[in-house]
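Participant: Sequence:
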Amino acid sequence: MFQQVLDPVAHSLAWSSLVAALPLLTLFVLLGAVRMRAWTASLVALAVALAVAIWAYGMPVGQAALAGTEGAAFGLFPILWIVINAIWVYTMTVETGHFDVLRRSFTRVSDDQRIQAIIIAFSFGALLEALAGFGTPVAVTSVMLIALGFRPLKAAVLALTANTAPVAFGAMATPILTLGKVTSQSSDTLGAMVGRQTPILALFVPLILVSIVDGRRGVRETWPAALGCGVAFSVAQYVTSNFVSVPLADVVASLVSAAAVVAIVRPRLRPERQAVVAGGAADELTPEFARRVARPDDPREVLRAYLPYAIIILVFVVCQITAVKNAVDKATQTVHWPGLHLVNAAGKPLSLQTFTLNYLTTPGTQMLVAGLLTMIILRISVRRALHAYRDTLVQLRWAILTVTLVLALAFVMNASGQTITLGTWMAGAGGFFAFLSPVLGWFGTAVTGSDTSSNSLFGALQVAAAGKAHLSPVLLAAANSSGGVLGKMVSPQNLAIAAAAVGLDGREGDIFRRVIIWSLVFLGGMCVLVLLQANAILDWMVP
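With our numbering, letter number 92 in the sequence shown gets 252, and the count goes up by one each step, no holes.
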(Lines of atoms letter the chains of each structure in order from A and count residues from 1; the text may use other names and numbers.)
(Lines give C-alpha, C1' and ligand atoms only; values in the text may rest on other atoms or scores of the structure.)
Protein backbone atom coordinates (compact mmCIF):
# COMPACT_ATOMS: atom_id res chain seq x y z
CA MET A 1 0.00 0.00 0.00
CA PHE A 2 1.29 3.44 -0.95
CA GLN A 3 -0.28 6.72 0.17
CA GLN A 4 0.55 9.83 -1.85
CA VAL A 5 2.29 12.79 -0.23
CA LEU A 6 1.94 16.07 -2.10
CA ASP A 7 4.91 17.92 -0.55
CA PRO A 8 7.63 15.32 0.08
CA VAL A 9 10.57 17.67 -0.58
CA ALA A 10 11.22 19.83 2.49
CA HIS A 11 7.44 19.85 3.08
CA SER A 12 7.25 22.51 0.39
CA LEU A 13 4.87 22.40 -2.58
CA ALA A 14 7.16 24.69 -4.56
CA TRP A 15 10.28 22.55 -4.10
CA SER A 16 8.28 19.37 -4.57
CA SER A 17 6.82 20.75 -7.81
CA LEU A 18 10.28 21.57 -9.10
CA VAL A 19 11.38 17.97 -8.50
CA ALA A 20 8.09 16.57 -9.88
CA ALA A 21 8.60 18.47 -13.13
CA LEU A 22 11.98 16.83 -13.79
CA PRO A 23 10.70 13.83 -15.83
CA LEU A 24 8.72 15.99 -18.24
CA LEU A 25 11.47 18.59 -18.52
CA THR A 26 13.94 15.79 -19.25
CA LEU A 27 11.69 14.42 -21.97
CA PHE A 28 11.16 17.75 -23.72
CA VAL A 29 14.83 18.78 -23.51
CA LEU A 30 15.99 15.44 -24.93
CA LEU A 31 13.44 15.69 -27.73
CA GLY A 32 13.75 19.37 -28.60
CA ALA A 33 17.35 20.30 -27.75
CA VAL A 34 19.35 17.07 -27.79
CA ARG A 35 17.29 15.64 -30.71
CA MET A 36 17.29 12.20 -29.19
CA ARG A 37 15.04 9.52 -30.67
CA ALA A 38 11.62 9.57 -29.03
CA TRP A 39 11.79 6.06 -27.58
CA THR A 40 15.23 6.70 -26.10
CA ALA A 41 14.17 10.05 -24.64
CA SER A 42 11.04 8.42 -23.22
CA LEU A 43 13.10 5.64 -21.64
CA VAL A 44 15.42 8.16 -19.94
CA ALA A 45 12.45 10.25 -18.77
CA LEU A 46 10.77 7.11 -17.40
CA ALA A 47 13.93 6.32 -15.43
CA VAL A 48 13.88 9.87 -14.01
CA ALA A 49 10.19 9.53 -13.09
CA LEU A 50 10.87 6.23 -11.30
CA ALA A 51 13.82 7.78 -9.45
CA VAL A 52 11.72 10.74 -8.32
CA ALA A 53 8.84 8.46 -7.30
CA ILE A 54 11.07 6.15 -5.26
CA TRP A 55 13.57 8.53 -3.67
CA ALA A 56 11.65 11.80 -3.43
CA TYR A 57 8.09 10.50 -2.91
CA GLY A 58 8.97 7.34 -1.02
CA MET A 59 7.02 5.04 -3.35
CA PRO A 60 7.95 1.36 -2.97
CA VAL A 61 9.91 0.02 -5.92
CA GLY A 62 7.35 -2.68 -6.61
CA GLN A 63 4.41 -0.25 -6.63
CA ALA A 64 6.28 2.15 -8.94
CA ALA A 65 7.13 -0.69 -11.34
CA LEU A 66 3.54 -1.97 -11.33
CA ALA A 67 2.23 1.52 -12.11
CA GLY A 68 4.60 1.65 -15.05
CA THR A 69 3.44 -1.71 -16.37
CA GLU A 70 -0.20 -0.62 -16.16
CA GLY A 71 0.65 2.51 -18.15
CA ALA A 72 2.44 0.45 -20.78
CA ALA A 73 -0.58 -1.84 -21.03
CA PHE A 74 -2.87 1.17 -21.43
CA GLY A 75 -0.61 2.36 -24.24
CA LEU A 76 -1.10 -0.95 -26.02
CA PHE A 77 -4.84 -1.09 -25.33
CA PRO A 78 -6.71 0.99 -26.24
CA ILE A 79 -4.31 3.63 -27.63
CA LEU A 80 -2.15 1.61 -30.03
CA TRP A 81 -5.00 -0.78 -30.81
CA ILE A 82 -6.76 2.21 -32.38
CA VAL A 83 -3.75 3.56 -34.29
CA ILE A 84 -2.60 0.17 -35.62
CA ASN A 85 -6.00 -0.65 -37.08
CA ALA A 86 -6.40 2.85 -38.53
CA ILE A 87 -3.06 2.62 -40.33
CA TRP A 88 -3.94 -0.92 -41.46
CA VAL A 89 -7.02 0.36 -43.28
CA TYR A 90 -4.87 2.99 -44.98
CA THR A 91 -2.21 0.41 -45.91
CA MET A 92 -4.82 -1.77 -47.62
CA THR A 93 -6.05 1.16 -49.73
CA VAL A 94 -2.45 1.83 -50.78
CA GLU A 95 -1.90 -1.83 -51.69
CA THR A 96 -4.94 -1.83 -53.97
CA GLY A 97 -4.17 1.55 -55.55
CA HIS A 98 -7.38 3.11 -54.28
CA PHE A 99 -5.49 5.68 -52.25
CA ASP A 100 -4.08 7.08 -55.50
CA VAL A 101 -7.65 7.30 -56.78
CA LEU A 102 -8.66 9.16 -53.63
CA ARG A 103 -5.75 11.55 -54.04
CA ARG A 104 -6.74 12.36 -57.60
CA SER A 105 -10.30 12.95 -56.44
CA PHE A 106 -9.10 15.46 -53.87
CA THR A 107 -7.01 17.29 -56.45
CA ARG A 108 -10.13 17.76 -58.54
CA VAL A 109 -11.77 19.60 -55.65
CA SER A 110 -8.70 21.83 -55.59
CA ASP A 111 -5.18 21.23 -56.84
CA ASP A 112 -3.94 23.89 -54.40
CA GLN A 113 -2.25 22.10 -51.52
CA ARG A 114 -3.04 24.97 -49.18
CA ILE A 115 -6.72 24.21 -49.67
CA GLN A 116 -6.09 20.48 -49.44
CA ALA A 117 -4.37 20.99 -46.09
CA ILE A 118 -7.48 22.72 -44.76
CA ILE A 119 -9.93 20.13 -46.05
CA ILE A 120 -7.95 17.05 -45.03
CA ALA A 121 -5.98 18.03 -41.91
CA PHE A 122 -8.65 20.27 -40.39
CA SER A 123 -12.13 19.29 -41.62
CA PHE A 124 -11.63 15.58 -42.29
CA GLY A 125 -9.31 15.30 -39.29
CA ALA A 126 -12.02 16.86 -37.11
CA LEU A 127 -14.50 14.25 -38.32
CA LEU A 128 -12.09 11.44 -37.42
CA GLU A 129 -11.48 13.09 -34.05
CA ALA A 130 -15.22 13.30 -33.45
CA LEU A 131 -15.70 9.60 -34.17
CA ALA A 132 -12.51 7.97 -32.91
CA GLY A 133 -9.93 10.32 -31.40
CA PHE A 134 -6.88 8.87 -29.61
CA GLY A 135 -4.37 9.62 -32.39
CA THR A 136 -6.49 8.38 -35.30
CA PRO A 137 -6.78 11.80 -37.04
CA VAL A 138 -3.03 12.38 -36.91
CA ALA A 139 -2.24 8.91 -38.23
CA VAL A 140 -4.72 9.01 -41.11
CA THR A 141 -4.55 12.63 -42.28
CA SER A 142 -0.74 12.79 -42.25
CA VAL A 143 -0.44 9.89 -44.70
CA MET A 144 -3.23 11.36 -46.84
CA LEU A 145 -1.26 14.60 -47.10
CA ILE A 146 1.88 12.73 -48.14
CA ALA A 147 -0.09 11.04 -50.91
CA LEU A 148 -1.03 14.50 -52.16
CA GLY A 149 2.62 15.53 -52.48
CA PHE A 150 3.42 17.06 -49.09
CA ARG A 151 6.81 16.50 -47.59
CA PRO A 152 6.66 14.03 -44.67
CA LEU A 153 7.79 16.52 -42.02
CA LYS A 154 5.31 19.15 -43.15
CA ALA A 155 2.51 16.58 -43.32
CA ALA A 156 3.15 15.57 -39.72
CA VAL A 157 3.26 19.19 -38.52
CA LEU A 158 0.01 20.01 -40.32
CA ALA A 159 -1.79 16.96 -38.92
CA LEU A 160 -0.69 17.72 -35.35
CA THR A 161 -1.48 21.44 -35.55
CA ALA A 162 -4.92 20.80 -37.00
CA ASN A 163 -5.71 18.31 -34.24
CA THR A 164 -6.46 21.02 -31.67
CA ALA A 165 -9.87 22.71 -31.78
CA PRO A 166 -11.84 19.44 -32.23
CA VAL A 167 -10.12 17.51 -29.42
CA ALA A 168 -12.32 18.60 -26.48
CA PHE A 169 -15.38 17.13 -28.24
CA GLY A 170 -13.46 14.14 -29.64
CA ALA A 171 -14.63 10.52 -29.49
CA MET A 172 -18.22 11.72 -29.20
CA ALA A 173 -17.34 14.24 -26.44
CA THR A 174 -15.66 11.66 -24.19
CA PRO A 175 -13.40 14.33 -22.58
CA ILE A 176 -16.44 16.46 -21.68
CA LEU A 177 -18.44 13.51 -20.36
CA THR A 178 -15.45 12.44 -18.25
CA LEU A 179 -15.01 15.98 -16.97
CA GLY A 180 -18.64 16.09 -15.88
CA LYS A 181 -18.24 12.80 -14.03
CA VAL A 182 -15.14 13.77 -12.04
CA THR A 183 -16.35 17.31 -11.22
CA SER A 184 -20.05 16.54 -10.55
CA GLN A 185 -20.91 19.33 -12.98
CA SER A 186 -23.44 19.01 -15.79
CA SER A 187 -21.70 17.74 -18.93
CA ASP A 188 -24.14 19.79 -21.01
CA THR A 189 -23.14 22.97 -19.15
CA LEU A 190 -19.44 22.11 -19.41
CA GLY A 191 -19.86 21.37 -23.10
CA ALA A 192 -21.58 24.71 -23.60
CA MET A 193 -18.69 26.48 -21.83
CA VAL A 194 -16.04 24.70 -23.88
CA GLY A 195 -18.17 25.61 -26.89
CA ARG A 196 -17.54 29.24 -26.00
CA GLN A 197 -13.77 28.79 -25.89
CA THR A 198 -12.49 26.35 -28.53
CA PRO A 199 -14.52 27.91 -31.40
CA ILE A 200 -12.43 31.05 -30.96
CA LEU A 201 -9.33 28.89 -31.37
CA ALA A 202 -10.87 27.24 -34.44
CA LEU A 203 -11.14 30.61 -36.19
CA PHE A 204 -7.37 30.79 -36.52
CA VAL A 205 -6.30 27.17 -37.05
CA PRO A 206 -7.00 27.02 -40.84
CA LEU A 207 -5.09 30.28 -41.31
CA ILE A 208 -2.15 28.80 -39.38
CA LEU A 209 -2.25 25.68 -41.55
CA VAL A 210 -2.07 27.78 -44.69
CA SER A 211 0.82 29.73 -43.17
CA ILE A 212 2.69 26.49 -42.42
CA VAL A 213 2.27 25.37 -46.03
CA ASP A 214 3.10 28.59 -47.82
CA GLY A 215 3.93 31.39 -45.37
CA ARG A 216 2.50 34.87 -45.74
CA ARG A 217 1.82 34.40 -49.43
CA GLY A 218 -0.41 31.45 -48.63
CA VAL A 219 -2.44 33.48 -46.16
CA ARG A 220 -2.70 36.40 -48.60
CA GLU A 221 -3.88 34.23 -51.48
CA THR A 222 -6.17 31.75 -49.72
CA TRP A 223 -7.48 33.65 -46.70
CA PRO A 224 -11.13 33.62 -47.92
CA ALA A 225 -11.22 29.81 -47.86
CA ALA A 226 -9.20 29.54 -44.65
CA LEU A 227 -11.25 32.14 -42.81
CA GLY A 228 -14.50 30.76 -44.22
CA CYS A 229 -13.57 27.31 -42.97
CA GLY A 230 -12.69 28.64 -39.52
CA VAL A 231 -15.87 30.69 -39.21
CA ALA A 232 -18.07 27.82 -40.40
CA PHE A 233 -16.45 25.38 -37.98
CA SER A 234 -16.60 27.82 -35.07
CA VAL A 235 -20.24 28.75 -35.54
CA ALA A 236 -21.29 25.13 -36.03
CA GLN A 237 -19.32 23.93 -33.00
CA TYR A 238 -20.76 26.72 -30.82
CA VAL A 239 -24.35 26.25 -31.94
CA THR A 240 -24.27 22.45 -31.72
CA SER A 241 -22.57 22.29 -28.31
CA ASN A 242 -24.83 24.95 -26.80
CA PHE A 243 -28.20 24.24 -28.37
CA VAL A 244 -28.23 20.80 -30.02
CA SER A 245 -25.95 18.04 -28.68
CA VAL A 246 -22.52 18.12 -27.04
CA PRO A 247 -21.42 14.72 -28.48
CA LEU A 248 -22.33 15.82 -32.03
CA ALA A 249 -20.46 19.14 -31.89
CA ASP A 250 -17.43 18.04 -33.93
CA VAL A 251 -19.41 15.87 -36.33
CA VAL A 252 -21.56 18.82 -37.38
CA ALA A 253 -18.70 21.33 -37.33
CA SER A 254 -16.41 19.19 -39.49
CA LEU A 255 -19.04 18.60 -42.18
CA VAL A 256 -20.15 22.24 -42.22
CA SER A 257 -16.56 23.50 -42.49
CA ALA A 258 -15.74 21.12 -45.37
CA ALA A 259 -18.88 22.21 -47.22
CA ALA A 260 -17.94 25.86 -46.69
CA VAL A 261 -14.47 25.36 -48.19
CA VAL A 262 -15.83 23.53 -51.23
CA ALA A 263 -18.46 26.23 -51.75
CA ILE A 264 -15.79 28.93 -51.63
CA VAL A 265 -13.14 27.32 -53.84
CA ARG A 266 -15.19 25.58 -56.53
CA PRO A 267 -16.27 28.78 -58.32
CA ARG A 268 -12.63 29.90 -58.32
CA LEU A 269 -11.23 26.73 -59.90
CA ARG A 270 -9.71 26.97 -63.35
CA PRO A 271 -9.20 23.78 -65.38
CA GLU A 272 -6.04 25.12 -66.89
CA ARG A 273 -4.39 25.70 -63.52
CA GLN A 274 -0.96 24.02 -63.56
CA ALA A 275 0.62 24.83 -60.22
CA VAL A 276 0.31 23.42 -56.76
CA VAL A 277 1.75 24.57 -53.51
CA ALA A 278 3.95 21.78 -52.24
CA GLY A 279 6.33 21.79 -49.32
CA GLY A 280 5.92 25.49 -48.72
CA ALA A 281 6.50 26.88 -52.21
CA ALA A 282 4.58 27.01 -55.46
CA ASP A 283 6.12 24.40 -57.71
CA GLU A 284 5.35 23.68 -61.32
CA LEU A 285 3.78 20.29 -61.75
CA THR A 286 6.19 17.68 -63.05
CA PRO A 287 4.90 15.93 -66.20
CA GLU A 288 4.70 12.62 -64.30
CA PHE A 289 2.70 14.08 -61.39
CA ALA A 290 0.44 16.06 -63.73
CA ARG A 291 -0.24 12.88 -65.71
CA ARG A 292 -1.24 11.00 -62.55
CA VAL A 293 -3.51 13.83 -61.42
CA ALA A 294 -5.14 14.24 -64.81
CA ARG A 295 -5.64 10.50 -65.32
CA PRO A 296 -9.38 9.77 -65.51
CA ASP A 297 -10.75 7.24 -63.05
CA ASP A 298 -13.71 4.95 -63.41
CA PRO A 299 -16.50 6.47 -61.25
CA ARG A 300 -16.97 3.07 -59.65
CA GLU A 301 -13.33 3.04 -58.56
CA VAL A 302 -13.67 6.57 -57.15
CA LEU A 303 -16.66 5.37 -55.13
CA ARG A 304 -14.70 2.38 -53.86
CA ALA A 305 -11.80 4.68 -52.89
CA TYR A 306 -14.12 6.70 -50.65
CA LEU A 307 -15.96 3.69 -49.26
CA PRO A 308 -13.35 2.71 -46.59
CA TYR A 309 -13.73 6.14 -44.98
CA ALA A 310 -17.49 6.06 -45.38
CA ILE A 311 -17.42 2.65 -43.69
CA ILE A 312 -15.35 4.03 -40.81
CA ILE A 313 -17.87 6.82 -40.29
CA LEU A 314 -20.82 4.43 -40.57
CA VAL A 315 -19.36 1.92 -38.09
CA PHE A 316 -18.62 4.61 -35.53
CA VAL A 317 -22.03 6.26 -35.94
CA VAL A 318 -23.84 2.92 -35.57
CA CYS A 319 -21.82 2.14 -32.45
CA GLN A 320 -22.98 5.44 -30.92
CA ILE A 321 -26.66 4.43 -31.19
CA THR A 322 -27.81 3.93 -27.61
CA ALA A 323 -29.20 0.41 -28.10
CA VAL A 324 -26.06 -0.76 -29.94
CA LYS A 325 -23.76 0.95 -27.48
CA ASN A 326 -25.49 -0.66 -24.51
CA ALA A 327 -25.34 -4.07 -26.17
CA VAL A 328 -21.63 -4.02 -27.01
CA ASP A 329 -20.79 -2.40 -23.67
CA LYS A 330 -21.73 -5.68 -21.99
CA ALA A 331 -18.39 -7.04 -23.18
CA THR A 332 -16.54 -4.49 -21.05
CA GLN A 333 -14.47 -5.90 -18.21
CA THR A 334 -13.03 -3.91 -15.31
CA VAL A 335 -10.14 -5.35 -13.29
CA HIS A 336 -7.95 -4.16 -10.47
CA TRP A 337 -4.34 -4.06 -11.67
CA PRO A 338 -2.70 -7.03 -9.88
CA GLY A 339 -0.57 -6.05 -6.90
CA LEU A 340 -1.11 -2.29 -7.25
CA HIS A 341 -2.48 -0.64 -4.09
CA LEU A 342 -2.62 3.16 -4.05
CA VAL A 343 -4.48 5.78 -2.03
CA ASN A 344 -4.39 9.54 -2.38
CA ALA A 345 -3.26 12.01 0.27
CA ALA A 346 -6.70 11.82 1.91
CA GLY A 347 -6.52 8.02 2.15
CA LYS A 348 -9.03 7.30 -0.63
CA PRO A 349 -8.26 4.61 -3.27
CA LEU A 350 -7.10 5.92 -6.64
CA SER A 351 -9.16 5.05 -9.71
CA LEU A 352 -5.88 4.82 -11.63
CA GLN A 353 -5.34 1.22 -10.44
CA THR A 354 -8.57 0.12 -12.15
CA PHE A 355 -7.98 -1.13 -15.70
CA THR A 356 -10.89 -1.22 -18.14
CA LEU A 357 -10.98 -3.67 -21.03
CA ASN A 358 -13.72 -2.33 -23.29
CA TYR A 359 -13.29 -4.97 -25.95
CA LEU A 360 -16.07 -3.85 -28.31
CA THR A 361 -16.69 -0.20 -27.44
CA THR A 362 -13.08 0.86 -27.98
CA PRO A 363 -12.57 2.71 -31.27
CA GLY A 364 -9.76 0.26 -32.06
CA THR A 365 -12.13 -2.69 -32.35
CA GLN A 366 -14.58 -0.60 -34.34
CA MET A 367 -11.73 0.37 -36.66
CA LEU A 368 -10.89 -3.34 -37.01
CA VAL A 369 -14.49 -4.02 -38.06
CA ALA A 370 -14.20 -1.21 -40.61
CA GLY A 371 -11.01 -2.84 -41.88
CA LEU A 372 -12.71 -6.21 -42.31
CA LEU A 373 -15.52 -4.55 -44.25
CA THR A 374 -12.91 -2.73 -46.34
CA MET A 375 -11.39 -6.11 -47.25
CA ILE A 376 -14.74 -7.13 -48.71
CA ILE A 377 -15.41 -3.85 -50.52
CA LEU A 378 -11.92 -3.69 -52.07
CA ARG A 379 -11.83 -7.46 -52.70
CA ILE A 380 -8.67 -8.03 -50.68
CA SER A 381 -7.78 -11.62 -49.83
CA VAL A 382 -7.14 -12.68 -46.25
CA ARG A 383 -3.50 -13.39 -47.07
CA ARG A 384 -3.01 -9.93 -48.58
CA ALA A 385 -4.77 -8.25 -45.63
CA LEU A 386 -2.57 -10.11 -43.15
CA HIS A 387 0.48 -9.06 -45.12
CA ALA A 388 -0.70 -5.43 -44.90
CA TYR A 389 -1.22 -5.84 -41.14
CA ARG A 390 2.33 -7.16 -40.76
CA ASP A 391 3.66 -4.20 -42.75
CA THR A 392 1.70 -1.86 -40.46
CA LEU A 393 3.24 -3.37 -37.34
CA VAL A 394 6.72 -3.08 -38.84
CA GLN A 395 6.07 0.55 -39.77
CA LEU A 396 4.82 1.39 -36.27
CA ARG A 397 7.36 -0.65 -34.28
CA TRP A 398 9.21 2.35 -32.85
CA ALA A 399 5.97 4.25 -32.24
CA ILE A 400 4.65 1.23 -30.33
CA LEU A 401 7.74 1.24 -28.12
CA THR A 402 7.56 5.02 -27.61
CA VAL A 403 3.88 5.10 -26.70
CA THR A 404 4.21 2.28 -24.17
CA LEU A 405 7.16 4.07 -22.53
CA VAL A 406 5.38 7.44 -22.48
CA LEU A 407 2.24 5.97 -20.91
CA ALA A 408 4.39 4.13 -18.37
CA LEU A 409 5.98 7.50 -17.54
CA ALA A 410 2.57 9.15 -17.19
CA PHE A 411 1.22 6.43 -14.89
CA VAL A 412 4.30 6.54 -12.65
CA MET A 413 3.99 10.31 -12.33
CA ASN A 414 0.26 10.06 -11.61
CA ALA A 415 0.52 7.15 -9.16
CA SER A 416 3.38 8.61 -7.13
CA GLY A 417 1.71 12.01 -6.82
CA GLN A 418 4.10 14.00 -9.00
CA THR A 419 1.36 15.21 -11.33
CA ILE A 420 -1.06 16.21 -8.59
CA THR A 421 1.76 18.03 -6.75
CA LEU A 422 2.27 20.26 -9.79
CA GLY A 423 -1.45 20.88 -10.10
CA THR A 424 -1.94 21.68 -6.42
CA TRP A 425 0.96 24.11 -6.47
CA MET A 426 -0.46 25.95 -9.47
CA ALA A 427 -3.92 26.02 -7.88
CA GLY A 428 -2.49 28.10 -5.04
CA ALA A 429 -2.21 31.15 -7.30
CA GLY A 430 -5.54 32.61 -6.11
CA GLY A 431 -7.46 34.75 -8.59
CA PHE A 432 -4.58 34.54 -11.08
CA PHE A 433 -5.27 30.83 -11.34
CA ALA A 434 -7.87 31.72 -13.98
CA PHE A 435 -4.91 32.53 -16.23
CA LEU A 436 -3.02 29.37 -15.24
CA SER A 437 -6.02 27.04 -15.46
CA PRO A 438 -5.54 26.17 -19.18
CA VAL A 439 -1.82 25.60 -18.51
CA LEU A 440 -2.73 22.84 -16.07
CA GLY A 441 -4.91 21.19 -18.73
CA TRP A 442 -2.11 21.61 -21.28
CA PHE A 443 0.34 19.94 -18.93
CA GLY A 444 -2.00 17.02 -18.29
CA THR A 445 -2.51 16.33 -21.99
CA ALA A 446 1.18 16.80 -22.78
CA VAL A 447 2.01 14.10 -20.22
CA THR A 448 -0.76 11.61 -21.02
CA GLY A 449 -1.50 12.38 -24.69
CA SER A 450 -5.22 12.54 -23.89
CA ASP A 451 -7.58 15.39 -23.04
CA THR A 452 -9.79 12.80 -21.36
CA SER A 453 -6.95 11.73 -19.07
CA SER A 454 -6.08 15.35 -18.34
CA ASN A 455 -9.67 16.02 -17.29
CA SER A 456 -9.62 12.92 -15.08
CA LEU A 457 -6.44 14.12 -13.41
CA PHE A 458 -7.18 17.77 -12.87
CA GLY A 459 -10.93 18.30 -13.29
CA ALA A 460 -11.77 18.01 -9.59
CA LEU A 461 -8.69 20.05 -8.67
CA GLN A 462 -9.85 22.87 -10.97
CA VAL A 463 -13.25 22.96 -9.26
CA ALA A 464 -11.67 22.96 -5.79
CA ALA A 465 -9.30 25.78 -6.76
CA ALA A 466 -12.24 27.73 -8.21
CA GLY A 467 -14.04 27.53 -4.85
CA LYS A 468 -11.00 28.83 -2.95
CA ALA A 469 -10.43 31.67 -5.43
CA HIS A 470 -14.16 32.55 -5.75
CA LEU A 471 -14.14 31.76 -9.47
CA SER A 472 -16.69 29.90 -11.58
CA PRO A 473 -16.16 26.11 -11.27
CA VAL A 474 -17.74 25.61 -14.69
CA LEU A 475 -15.30 28.07 -16.26
CA LEU A 476 -12.17 26.53 -14.77
CA ALA A 477 -13.25 22.94 -15.38
CA ALA A 478 -13.94 23.81 -19.02
CA ALA A 479 -10.62 25.68 -19.22
CA ASN A 480 -8.85 22.46 -18.23
CA SER A 481 -10.28 20.73 -21.31
CA SER A 482 -9.81 23.73 -23.63
CA GLY A 483 -6.21 24.17 -22.54
CA GLY A 484 -5.67 20.44 -22.77
CA VAL A 485 -6.41 20.35 -26.49
CA LEU A 486 -3.31 22.47 -27.06
CA GLY A 487 -1.04 20.01 -25.29
CA LYS A 488 -1.97 17.21 -27.64
CA MET A 489 0.28 18.36 -30.48
CA VAL A 490 3.39 18.24 -28.25
CA SER A 491 2.56 15.01 -26.45
CA PRO A 492 5.37 12.48 -27.10
CA GLN A 493 2.67 9.87 -27.69
CA ASN A 494 1.19 11.81 -30.60
CA LEU A 495 4.61 12.89 -31.88
CA ALA A 496 5.56 9.21 -32.11
CA ILE A 497 2.34 8.35 -33.95
CA ALA A 498 2.86 11.19 -36.44
CA ALA A 499 6.52 10.31 -37.03
CA ALA A 500 5.72 6.65 -37.61
CA ALA A 501 2.83 7.43 -39.95
CA VAL A 502 4.98 9.55 -42.25
CA GLY A 503 8.11 7.41 -42.03
CA LEU A 504 10.19 9.75 -39.87
CA ASP A 505 11.05 7.46 -36.98
CA GLY A 506 13.75 9.09 -34.88
CA ARG A 507 12.88 12.62 -35.97
CA GLU A 508 10.20 13.30 -33.37
CA GLY A 509 12.39 16.12 -32.06
CA ASP A 510 12.27 17.89 -35.43
CA ILE A 511 8.48 17.67 -35.41
CA PHE A 512 8.36 18.85 -31.78
CA ARG A 513 10.37 21.99 -32.54
CA ARG A 514 7.98 22.93 -35.35
CA VAL A 515 4.78 22.49 -33.35
CA ILE A 516 5.80 23.73 -29.90
CA ILE A 517 5.65 27.37 -30.98
CA TRP A 518 2.06 27.05 -32.19
CA SER A 519 1.12 25.11 -29.07
CA LEU A 520 2.46 27.87 -26.82
CA VAL A 521 0.99 30.70 -28.91
CA PHE A 522 -2.47 29.12 -28.83
CA LEU A 523 -2.08 28.35 -25.12
CA GLY A 524 -1.22 31.98 -24.38
CA GLY A 525 -4.34 33.10 -26.22
CA MET A 526 -6.50 30.59 -24.32
CA CYS A 527 -5.05 31.77 -20.98
CA VAL A 528 -5.95 35.38 -21.78
CA LEU A 529 -9.44 34.36 -22.90
CA VAL A 530 -10.16 32.44 -19.69
CA LEU A 531 -8.79 35.31 -17.58
CA LEU A 532 -11.14 37.72 -19.35
CA GLN A 533 -14.05 35.30 -18.93
CA ALA A 534 -13.29 35.18 -15.21
CA ASN A 535 -13.62 38.94 -14.96
CA ALA A 536 -16.28 41.50 -15.82
CA ILE A 537 -14.99 41.95 -19.37
CA LEU A 538 -16.23 38.58 -20.67
CA ASP A 539 -17.99 36.98 -17.70
CA TRP A 540 -21.24 37.14 -19.68
CA MET A 541 -19.88 34.22 -21.71
CA VAL A 542 -20.03 31.86 -18.72
CA PRO A 543 -23.32 29.90 -18.62
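Bear in mind the hints are in silico, worked out from the structure with no lab data behind them. Backbone N, C-alpha and C define an ideal beta-carbon position, used for all residues, glycine too. Check each hint, because a few of them may be wrong.
Unchecked claim - Derived pair list, reagent style EDC-like, types lysine to aspartate or glutamate, alpha-carbon separation capped at 20 angstroms:
id	residue 1	residue 2
1	Lys-508	Glu-255
2	Lys-628	Asp-551
3	Lys-341	Asp-167
As the list claims (entries may be wrong) - Quick list of the computed label-pair ranges, beta carbon to beta carbon:
id	residue 1	residue 2	range
4	Thr-514	Lys-628	39 to 45 angstroms
5	Leu-532	Ser-344	22 to 28 angstroms
6	Arg-195	Ser-265	36 to 42 angstroms
7	Ile-536	His-630	58 to 64 angstroms
8	Leu-236	His-630	30 to 36 angstroms
9	Gly-218	Leu-546	55 to 61 angstroms
10	Gly-627	Trp-215	31 to 37 angstroms
11	Pro-456	Ile-677	38 to 44 angstroms
12	Asn-695	Val-399	23 to 29 angstroms
13	Leu-236	Arg-195	23 to 29 angstroms
Participant: Now, for every hint given, state plainly whether the structure supports it.
Facilitator: Hint check results:
no., hint, in the structure
1, Lys-508 to Glu-255, "violated, 52 angstroms"
2, Lys-628 to Asp-551, "violated, 54 angstroms"
3, Lys-341 to Asp-167, "violated, 27 angstroms"
4, Thr-514 to Lys-628: 39 to 45 angstroms, "violated, 29 angstroms"
5, Leu-532 to Ser-344: 22 to 28 angstroms, "violated, 40 angstroms"
6, Arg-195 to Ser-265: 36 to 42 angstroms, "holds, 38 angstroms"
7, Ile-536 to His-630: 58 to 64 angstroms, "holds, 60 angstroms"
8, Leu-236 to His-630: 30 to 36 angstroms, "violated, 44 angstroms"
9, Gly-218 to Leu-546: 55 to 61 angstroms, "violated, 49 angstroms"
10, Gly-627 to Trp-215: 31 to 37 angstroms, "holds, 34 angstroms"
11, Pro-456 to Ile-677: 38 to 44 angstroms, "holds, 43 angstroms"
12, Asn-695 to Val-399: 23 to 29 angstroms, "holds, 26 angstroms"
13, Leu-236 to Arg-195: 23 to 29 angstroms, "holds, 27 angstroms"
Going down the numbered hints, you'll see the structure goes against 1, 2, 3, 4, 5, 8 and 9, while the others check out.
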